[in-house]
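Chains as they are written, first to last, in the numbering used here: chain R, 1222 to 1493; chain Y, 77 to 539.
In short, the hints are calculated from the structure, not lab data. Among the hints, a few may not be true.
Unchecked claim - What follows is a set of in silico ranges between Cβ atoms, one per label pair, in the way DEER data are often shown:
hint, chain 1, residue 1, chain 2, residue 2, range
1, Y, R301, R, E1483, 52 to 60 angstroms
2, Y, A294, R, S1288, 28 to 36 angstroms
3, Y, F278, R, S1288, 46 to 54 angstroms
We put the beta carbon where it would ideally sit given N, CA and C, even for glycine.
Residue-level listing of the chains:
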Amino acid sequence: VGNDFSRSVSRAHNVVIAMMATIVCAAFAFAIAFALHAGLAVQGTILVVAFLGVVIGALTISASLVSPEQVTDERHALDDPTADAELARATQAGFGRRPFLFRFGALALGTLGVALLVPLRSLAPMNAIRRQRSRYRFGVPLVRADGSPIRLDALDINSVLTAFPQGATDDSASAVMLIRLPDDGNAQNGGYVAYSKVCTHAGCPVALYKASEFALLCPCHQSEFDVRANAKPVSGPAAKALPQLPIAFANGELMATGDFAEPVGPDGWDRA
Amino acid sequence: MIVERAFAWVDERVGSSRFLRSAIRKAFPDHWSFMLGEVSLYSFLILIATGTFLGLVFSPSGDMVQYHGSYAPLAGALMTGAYASALNISFDLPVGLLVRQTHHWAALIFLAAIVLHAARIFFTGAFRRPRELNYLIGISLFGMALLMGFSGYSLPDDDLSGTGLRIAQAVALSIPLVGTWLTTVLLGGDFPNAGLISRLFFIHVFLLPGIMIAALGAHLALLWRQKHTQFPGPSRTEGNVIGSPLWPQYALKSLALGAFLTALCVGLGAFAQINPIWQYGPYDPAFVAAPSQPDWFLSWLDGALRLAPGIAIGIGAHHDITSVFVPGVLLPAFIFAVLYGWPFIEARVTGDRRPHHLLDRPRTMPVRSAIGVTGVAFMVMLTIAASFDVQATILHVQLERLRVFYQVAVLVVPLVAGALTWIVCRELNAANAEAEPMSRRVEYERTQLGGFEERLVPPARVE
């Protein structure tokens, strides 16, 4: 029995030494791999080998070379009622007969603390409390994201494109989804309608179009808006219609005839 | 002896040896579930190590630059300095991508370990007196870890991270009275704005980690001072803790665990792609990739936003309680209120205000376990619902139908799961009460004549 035991100990010894050698080799290998611009997989593998060496080494020592000892800690109460009472007396010394002083002091410091929060207002520019407005005014041409103008033949029936006011193709608050509806005889502007691309729910771009249902679909939370019915929400968490942009063709090119009637962007406590 | 001289040198200047002599004999109970807190600790250390590297090489700039790095599909594209910097770390900095992906994986594991650790604390009653204070610190650490995850996800300024911020803005805007004001102050203006990324960077690499390190220090110091809880067992009482001594048994196992987690995070970082920001492209508020999903630990919030009915309640002519407010603000506020309040709620309801150092088995507390399972099932259902658009595509189900299914399931499944838990706990208790004395508490002794003598041993549970 004694022989078996000493053999298993010496085997554990060998494992631990092998692991330490592995760790040293991996450490050098990592430095070399870094210098040679080795790829992700090589560097990762070397590090994994090194740390697994630590795992096996530590577990081998703990399983075979140290005794599996258990210790018992006695638990002692942390509190000391005598000290509590003394401390309470000591902290109130001087305030003992004047509780008013203590309370007023706390109130004064509290007030000062609140006052020090006021400069938090400077975290935002002074004029920034109002929400964004779009760049559309009467006569502003609508263009594609690349700046090119939009003519009557820009869209097939029942298809969509994203349009911006000319000169502001980076202004997300002004992005609109332009849809060409089927011309049922009384459609104006060749069936073209434009709705804000900013979802009234959480502000994501309403980027998807379900042609079969004439619905704009938001990819973030799946609100659907019926473009044949003023882009009213028909399903999903959005509660407000997408604001409509008044448009017309002038000299064959699309332009705005005014701004959105409602504020653009996600609905919040303040509507505008 | 050099070790002895070193200890003597330190002891003369710090006076630490008397403390250390008893500290290395401190008892650490061996139950596997006690490892979960350690896993969170080690993933946090990995996050600090990888995060320090990333923080030094990342440029949190909102200024527009033209991309000239080696990722060809985006050559010449206009983007923020932050996104260009994240691309450079991924493609042109040696070990950059490895560190970035390891950091992301460590964050996902960090949050998972915290959640499991918190579940262990809840279901075994480890939050009871005198550990309420440490429980509150733990819940705060969980909240800050969520904020860390979100702010980190937002830093590279790719299309998905910008979309996440956009949604957060809508949530903040929905808060009654102060929403607009609060949003503006938090974001530093409207969204997006050029200063936002450097503000998030400061929050992610200094403000939150600073508070978390302090809170974690307090968490561990209190754990040390109050000593571990333990499951009931032979000679384990309310008055002691039995386990492996800190040195060397526990230290070796803990070292192995830390090294294993490092190997796991690095291995995942090397072989499992995570958050491939180059595929999403730079943030463009007018375009978004579908499907868009947050990291797993915030999916429950996204799921809640998706399932809420599209109803806005007008307050006067100028104000709305929006459909974002309940799932985005009230729900998380309620969840954290319950988490923070639980030790006090339970003490009030059960009237049990005694100190407890021996843990409950979940089955012995059917009501607590049922409530816990209800909560967990609710969060899991919300998380699953956060990808219902992808599921609808895969299953060829109408979007709207699947949404209605989840709107019902998210309320029904947790209640059923809770009720089942209650029943199962009661059954297990009943079975236990009959079986335990027979199966576990019998010893056999060989008599001098060569026969066996059976004897019942009274349970060694001491209060």
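(request) With respect to the beta-carbon atoms only, verify the hint that A294(Y) and S1288(R) lie 28 to 36 angstroms apart. (result) Between A294(Y) and S1288(R), where Cβ atoms are some 34 angstroms apart, the hint holds.
(message) Just to be sure I understand the hint, the distance between the Cβ atoms of R301(Y) and E1483(R) should be within 52 to 60 angstroms; is that true here?
(response) This hint holds: roughly 59 angstroms between Cβ atoms.
(request) Could you tell me whether the CB distance from F278(Y) to S1288(R) stays inside 46 to 54 angstroms? (result) holds (50 angstroms)
Comparing the model with each earlier hint shows no violations; every hint is respected.
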